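Asker: Residue strings, one per chain:
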Amino acid sequence: MVGGVRVEFEELAKRFDLRVVFRGVSGRAEPGSVLVITGPNGSGKSTLMTILCGLVRPTRGTIRYLRAGGGEVPRHAWREHLGIVAPAMGLYGELDAMENLRFFSTVRGLGFDEERCRALLREVGLDPDRTTPVAGFSTGMHQRLKIAQAVLHEPEVLFLDEPGSNLDPAGQDWLEGLVERQREGGTTVILATNDRREMEWGTEHVALPG
Amino acid sequence: MSREGGFRAVWPWLLFAWLALVIWAAFLWAPAAANFKGQSSRIVFFHVPMAWVATVAFLGSCIASIRYLRRRNMEDDIRAEAANSLGLTFAVLATVTGSIFAKIMWGSYWNWDPRETSITFLLLIYAAYFALRAAIPDPERRATMAAVYSVLAFVTVPFLVFVVPRIYWSLHPDTFINTQGKIKMDSRMFQVFMASLAGFSVFAGWLYSIEVRLERIRRRRQQEELL
Amino acid sequence: MWRFLAEAGAVFVKDLRTEFRTRVALNALGLFAVTTLAAVSYTIGPYRIAEADRPFLLSALLWIVIFFASMAGLDRSFVKEEDTQTAPLLRLSASPLVVWAGKLAFNLALLAVLMAILVPLYGMLMGFRPVSLWGFAGILAAGGYTLAVTTTMVAAIIARAMTRGALFSVLSLPLLLPLLIFVIQGTRAAAEGSPEGVMEALRAVISLGGIMTILSVVLFPAVWHE
Numbered sequence: 001m002v003g004g005v006r007v008e009f010e011e012l013a014k015r016f017d018l019r020v021v022f023r024g025v026s027g028r029a030e031p032g033s034v035l036v037i038t039g040p041n042g043s044g045k046s047t048l049m050t051i052l053c054g055l056v057r058p059t060r061g062t063i064r065y066l067r068a069g070g071g072e073v074p075r076h077a078w079r080e081h082l083g084i085v086a087p088a089m090g091l092y093g094e095l096d097a098m099e100n101l102r103f104f105s106t107v108r109g110l111g112f113d114e115e116r117c118r119a120l121l122r123e124v125g126l127d128p129d130r131t132t133p134v135a136g137f138s139t140g141m142h143q144r145l146k147i148a149q150a151v152l153h154e155p156e157v158l159f160l161d162e163p164g165s166n167l168d169p170a171g172q173d174w175l176e177g178l179v180e181r182q183r184e185g186g187t188t189v190i191l192a193t194n195d196r197r198e199m200e201w202g203t204e205h206v207a208l209p210g
Numbered sequence: 001m002s003r004e005g006g007f008r009a010v011w012p013w014l015l016f017a018w019l020a021l022v023i024w025a026a027f028l029w030a031p032a033a034a035n036f037k038g039q040s041s042r043i044v045f046f047h048v049p050m051a052w053v054a055t056v057a058f059l060g061s062c063i064a065s066i067r068y069l070r071r072r073n074m075e076d077d078i079r080a081e082a083a084n085s086l087g088l089t090f091a092v093l094a095t096v097t098g099s100i101f102a103k104i105m106w107g108s109y110w111n112w113d114p115r116e117t118s119i120t121f122l123l124l125i126y127a128a129y130f131a132l133r134a135a136i137p138d139p140e141r142r143a144t145m146a147a148v149y150s151v152l153a154f155v156t157v158p159f160l161v162f163v164v165p166r167i168y169w170s171l172h173p174d175t176f177i178n179t180q181g182k183i184k185m186d187s188r189m190f191q192v193f194m195a196s197l198a199g200f201s202v203f204a205g206w207l208y209s210i211e212v213r214l215e216r217i218r219r220r221r222q223q224e225e226l227l
Numbered sequence: 001m002w003r004f005l006a007e008a009g010a011v012f013v014k015d016l017r018t019e020f021r022t023r024v025a026l027n028a029l030g031l032f033a034v035t036t037l038a039a040v041s042y043t044i045g046p047y048r049i050a051e052a053d054r055p056f057l058l059s060a061l062l063w064i065v066i067f068f069a070s071m072a073g074l075d076r077s078f079v080k081e082e083d084t085q086t087a088p089l090l091r092l093s094a095s096p097l098v099v100w101a102g103k104l105a106f107n108l109a110l111l112a113v114l115m116a117i118l119v120p121l122y123g124m125l126m127g128f129r130p131v132s133l134w135g136f137a138g139i140l141a142a143g144g145y146t147l148a149v150t151t152t153m154v155a156a157i158i159a160r161a162m163t164r165g166a167l168f169s170v171l172s173l174p175l176l177l178p179l180l181i182f183v184i185q186g187t188r189a190a191a192e193g194s195p196e197g198v199m200e201a202l203r204a205v206i207s208l209g210g211i212m213t214i215l216s217v218v219l220f221p222a223v224w225h226e
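Chains as they are written, first to last, in the numbering used here: chain X, 1 to 210; chain A, 1 to 227; chain D, 1 to 226.
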């Protein structure tokens, strides 16, 4: 990975027709650090994550992706630099684990490196030869596959929205190791969670008011 | 009060007088066209300006929509929405006046003449525009989707207005929209017609500016919750 | 270019594969078409229509069945991405034009299957035998393409709104009206064996399809990334 990408956001606010989700939210996430976003249910953590990764436009405020070497990444290119795991972002239930990785790898323009995908599946604790459609997975297995999908293309920015939910204790240990390795490798990690253990991984914190 | 302020207070009354004069002239000063049944030709002084205002409003909305997509400025979304609601109102008026004329000339309020067909679908398109707006709660997303639909809709309009009537035979008088590109009208009628066109254009522009200001206030009130 | 085709192909194959495993869109489209066809054929039948009116009325009925059947299924590929919450990851992974091309190809495939079943059946049940088969095929192909390209765009818009089912036809039908008129004219000309009529309709349909394609390429990224 070259350099890394810093994410800065200032005075973000989001309103839907009848509801202000949050306002005046600022923060920055540096390469090689973990920014933890906390806040009670309904405080807009997930909305903030979708705004930071460019899926939703903020009503107000600015977000910038800055390359370590200087220069800003334009909004339409953010997606090439980020990976995300979030509860409301699913994989294709009709496809099996390998087909899902193959699909995401191909549409990202990486081609399909079968050996790499097999290694990745083994790393997250899934059997690469299993051809059950993902819809038949347990929630924990589904979560592991989502994490594999998020790191497949070695993104500079990794968004994790409640990544430990549905994972067993062994899975949570593994997740901690993964976050640690990503951070040491210079990835910018942005983690939304209310789990006490996950909150401790953070090097900086942003708290959303309820 | 400055001179400009004075004019701003007076001009709506001038417009009122102008339109009153147009209405008087339309019924009492201009002659009725010979090849139309009875007095029915007088509707041209109202029907065509309505259709004209609707067309200009839809064009304006299309331009505002393109600007929104380029600059992502909510002001353009306000303009596009206001122009479309004005366009829809005047399109309804054009339909009603046209339908009255159809009853007198052709004996029925509605007979799916190509022009009637095309205006019906114009109405449908722009009603769909508002249905779409109502179905999207996120203001930023609503603005984008509405803008895109507005552009798509505007592109199909020329097909409806110019191409379809060429394929189907039409009863509609070809006074303005015809293949020779000429206007066929008596000179006195033409004067009243142009006066009416100007009057209604200014009137529509006024309505439009009121709607834009209103919508701006409505949105600012919603925005104030954010501060 | 090859890379673009490979990526769009992946979207297309993914949609085909999920469709084959569930058959939601195809069932909706096919059942709707066959039911409507049965209703039309039962209530009107081949010989209830006067000989002189046959080319026009049979052309109009055929296209109305195709249009309404497509309203039942062509929004599926986008709506499903939103319903199963797969849209966000697709949005973050694939470039917008790749998604557009893949989904368009999928809708074209659906329409092609629909027409392959419906049109011969319609011909048999309603006694519809166009004089100019090539003209008829040309109108079907060009009309199907324009129908698919327009509905693909509208489907992308309504997938992000509430009350989607109703909205899809409310937004699509007015945009499709000029197309409907042209393809009915063209099919009628093919039925009567008038090459000039077919050519005139084809020109109109193709120019409409071309304009919609250009607009889609320009506007789809804005819709998809909103």
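Hints listed in this document are in silico derivations from the structure and should not be mistaken for laboratory results.
Computed from a predicted model, the values in this text were never measured in an experiment.
Watch out, some of these pointers could steer you wrong.
Said to hold, decoys possible - Short, incomplete list of chain X residues facing chain A, as computed with Cβ under 8 Å:
1. F9
2. R15
3. T38
4. R57
As the list claims (entries may be wrong) - Have a look at the derived ranges for each label pair, beta carbon to beta carbon:
5. D:M199 <-> A:I104: 47 to 55 Å
6. X:P74 <-> A:Q222: 23 to 31 Å
7. A:G107 <-> D:T213: 27 to 35 Å
8. X:H76 <-> A:S209: 30 to 38 Å
9. A:L214 <-> X:R75: 40 to 48 Å
10. A:L214 <-> X:G61: 20 to 28 Å
11. A:Q222 <-> X:A88: 24 to 32 Å
12. D:M199 <-> A:Q39: 41 to 49 Å
Backbone N, C-alpha and C define an ideal beta-carbon position, used for all residues, glycine too.
Asker: Taking the hints in turn, state whether each one holds.
Answerer: For each hint, the structure was consulted:
{"no.": "1", "hint": "F9", "result": "violated (16 Å)"}
{"no.": "2", "hint": "R15", "result": "holds (6 Å)"}
{"no.": "3", "hint": "T38", "result": "violated (22 Å)"}
{"no.": "4", "hint": "R57", "result": "holds (4 Å)"}
{"no.": "5", "hint": "D:M199 <-> A:I104: 47 to 55 Å", "result": "violated (40 Å)"}
{"no.": "6", "hint": "X:P74 <-> A:Q222: 23 to 31 Å", "result": "holds (30 Å)"}
{"no.": "7", "hint": "A:G107 <-> D:T213: 27 to 35 Å", "result": "violated (44 Å)"}
{"no.": "8", "hint": "X:H76 <-> A:S209: 30 to 38 Å", "result": "holds (35 Å)"}
{"no.": "9", "hint": "A:L214 <-> X:R75: 40 to 48 Å", "result": "violated (32 Å)"}
{"no.": "10", "hint": "A:L214 <-> X:G61: 20 to 28 Å", "result": "holds (27 Å)"}
{"no.": "11", "hint": "A:Q222 <-> X:A88: 24 to 32 Å", "result": "holds (26 Å)"}
{"no.": "12", "hint": "D:M199 <-> A:Q39: 41 to 49 Å", "result": "holds (45 Å)"}
The structure is inconsistent with the numbered hints 1, 3, 5, 7, 9, although it conforms to all the rest.
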